[in-house]
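Trainee: Under my numbering, the first residue of the sequence shown is numbered 1493, with each subsequent residue one higher.
A few of these clues could be false.
As the list claims (entries may be wrong) - Okay, the calculated beta carbon distance ranges per label pair:
hint	residue 1	residue 2	range
1	Gln1629	Ile1597	40 to 48 Å
2	Ala1518	Thr1636	14 to 22 Å
3	Arg1543	Thr1636	34 to 42 Å
4	Glu1633	Ala1522	20 to 28 Å
By construction, these hints were calculated from the structure, which means they are not laboratory data.
No residue lacks a Cβ here, since even glycine has one placed at the ideal position from N, Cα and C.
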Amino acid sequence: MENIFSTFAISGQGLSVQRQRLSAVANNIANANTTKSSDGKPYQREVIVARGATRSPFDHALQEQITMSGTSAFHAPNTRLDSNNPNAQIVTGTSVRDMSAPRKIYDPAHPDANTEGYVEMPNVNIVTEMVEMISAQRSFEANTGVIASVKNIAKDSLEI
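Could you build the full structure based on these sequences and the hints that come with them?
Mentor: What follows is the structure in structure tokens.
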């Protein structure tokens, strides 16, 4: 029965990560036209990165020692490189910002336009966000399906 209960936990963690993804997508869509955030710059797209968190003391000791510098706009700075540990059962979602350059549109009448008449807009693409939303929703549905199936298996095994 322990494996059945661990399946509930794993699917529950998957549901949590997909909820985080849906929340980030909703936030991105809501701020698609925000030209000035609290730091005075255009809103930057939020991305949720899902990864397994290990329980190994060795991995925790190396957490700050082995890092990867951001070589792409989609890499999180100082990302931890985990070992291939079979005990990695906890799934976490980490929020990172897409550091790609903001879009520039020509609108000299806009209050946030620079001296050349360009406005820096957020790096949010609505079509990409909608695709991300559909993907997160389908993953959420798949995890709820797993929970329902495991529940039925457990119920049927008790009837034997």
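Trainee: Tell me the numbers of any earlier hints that the structure contravenes, in ascending order.
Mentor: 1, 3
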